[in-house]
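Numbering (the numbering used here) for the sequence shown: 1 to 414.
Read the hints as simulated data drawn from the structure, not as lab findings. This structure is a prediction, so every number in the text was calculated from the model and none was measured. Zero decoy hints are in this set.
So the derived label-pair ranges between C-beta atoms look like this:
#1 45 with 94: 25 to 33 Å
#2 81 with 19: 17 to 25 Å
#3 279 with 174: 24 to 32 Å
Just so you know, even glycine gets a beta-carbon here, dropped at the ideal spot from N, CA and C.
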Amino acid sequence: MSVEGMVIHMVHPAERIKGSKSNLLEGKRIILGITGSIGAVECVRLARELIRHGADVIAVMTESAKEILSPESMFFATGKPPITKLGGGVEHVTFAGEEEAEKSLLLIAPATANTIGKIATGIDDTPVTTFATVALGSGMPILIAPAMHAAMYRNPAVVKNIEYLKELGVEFIQPREEEGKEKFPDVETVFLHVLRAFRGGQGSGVAALVIGGASEEPIDEMRVVSNRSTGKTASEIAKALFVEGFEVALLWGRTTTPPPKVGEITGFRRVEELIKLLEKMKGREFHFIFMPAALSDFIPESREGKIPSGGELLLRMRSAPKVLNLLRDLFPSAHIVAFKAVGGDDRRVMERKAMRYIKEGGADFVAANMLKDVKGESTRITLYWRDGALGSFEGDKFRVATALVKAVMEKAGG
Numbered sequence: 001m002s003v004e005g006m007v008i009h010m011v012h013p014a015e016r017i018k019g020s021k022s023n024l025l026e027g028k029r030i031i032l033g034i035t036g037s038i039g040a041v042e043c044v045r046l047a048r049e050l051i052r053h054g055a056d057v058i059a060v061m062t063e064s065a066k067e068i069l070s071p072e073s074m075f076f077a078t079g080k081p082p083i084t085k086l087g088g089g090v091e092h093v094t095f096a097g098e099e100e101a102e103k104s105l106l107l108i109a110p111a112t113a114n115t116i117g118k119i120a121t122g123i124d125d126t127p128v129t130t131f132a133t134v135a136l137g138s139g140m141p142i143l144i145a146p147a148m149h150a151a152m153y154r155n156p157a158v159v160k161n162i163e164y165l166k167e168l169g170v171e172f173i174q175p176r177e178e179e180g181k182e183k184f185p186d187v188e189t190v191f192l193h194v195l196r197a198f199r200g201g202q203g204s205g206v207a208a209l210v211i212g213g214a215s216e217e218p219i220d221e222m223r224v225v226s227n228r229s230t231g232k233t234a235s236e237i238a239k240a241l242f243v244e245g246f247e248v249a250l251l252w253g254r255t256t257t258p259p260p261k262v263g264e265i266t267g268f269r270r271v272e273e274l275i276k277l278l279e280k281m282k283g284r285e286f287h288f289i290f291m292p293a294a295l296s297d298f299i300p301e302s303r304e305g306k307i308p309s310g311g312e313l314l315l316r317m318r319s320a321p322k323v324l325n326l327l328r329d330l331f332p333s334a335h336i337v338a339f340k341a342v343g344g345d346d347r348r349v350m351e352r353k354a355m356r357y358i359k360e361g362g363a364d365f366v367a368a369n370m371l372k373d374v375k376g377e378s379t380r381i382t383l384y385w386r387d388g389a390l391g392s393f394e395g396d397k398f399r400v401a402t403a404l405v406k407a408v409m410e411k412a413g414g
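Using the sequences and the hints given, assemble the complete structure.
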C-alpha cells in the first residue's frame, strides 16, 4: 500500500492518561468554563487530573481568559479544541442542553465577580455565561469556584449574587484564602466537589463527624508522648463522607498531611482538649461519628520547662479517659464507628477485640485491621457490627473508605 493510501490514527496524549488514576468519572463529561482570573493558569493541571479519573473535559473560554491562558494550552490539556466562540454548531445547546444534563456538569473555575454577576442576572454575552444560562435551564449541575481579591469577594453585591445562585441550586467551592486573595482552590478539593455533584449521595444535608489524627500528651514543654498515626485513614473517611453528600465536621489531631477541605475543621492536641470540644458539641445531631483517631491510652505527669537530658527518666502515667464511652453519652442517637488496629498474624484475635469494642465500648461498628495489612497507600479493613463481620475491603485508602462508608450507611439505614 502506498503512503498516500494509508490512514493514520493519531491518539492525543490526553487520551493516554485517561483513567490512569481511577474510573470514578468514567462516562462523565465536564464542561470547564474558564474566565479572566489569574487562577486560569491552574486549569491545565485541573483538566488533566479530571481526565486521570476518567472524565471527558471540554474547555469553554472567555476573551479575558484567553489573555491569561492560551487556548492551545487547553487543547493540549484536554485533547479537544476549546470553545472560544459560539457559532452555527450551537455548542451551548449541544453540550449543556437537557439531553446532556444527567451525564455532564458545568464547572466554572476560576469564576470572576463579573461572570458571577452576569450569571445571576441572566446576562449571557460570553461563551461561559451562555453555557451557564442553558445549564440553569436544563437542570445540569453547576459548580462555581470563585477566584478574586478578598475585597471583591466580600463586596455586598457579589455576596448577594452568590447567595441567589445558591438558591437556584448552584454549588460553590470555597476559595483558598491566601495573601489577601481568594485564590483558586487546590485541585483535589475541586475533584471531590465534582465527584459529590455527580454522586448525589444519600447523605445529602445529614451531619457526620470525623475524629482523626494522633493525640500528643506533653512530658515537658518540649517533649510529648504520641504515636505513628498519619491521619490518612481519617482523611479518606472524611472525603468519602463528603462525596456521599454529608455535611462533615472534623476534629483533627496531629497528622502528617493537612486535613481535607471538606467541612469545618477544629484542631486538638491532648485527649482532654478533644473531650472539651466534644462536650461543647453536645446537642448537635450527628447521624454518623467515625473515630479513626489514634488517642493516647496514658497521660504522663507533665513538668514545667524542659527536663535536662542525660541520665534516666522515669515517667509516671495515668490512664486517659475513654473517648468512645463519652461519645455514646453525648450523642445517643449517632451511629458510632470505632477503629481498631491489631498487631500479629491471628485474625481471630482481631475479631475478638473488635467484638469486645462493640459489646463494652459503646460502638455500633468497628473497622479493624492488622498492622501488617497497611502497605503505603493501600490497606485492608474488616467491618464488624453486633452480629459479626459485615465484610472486608481492600485497596487504596480512598476506595476502602468509600466502601466502608457505604456499608455503614446501608446497615444503619442511612
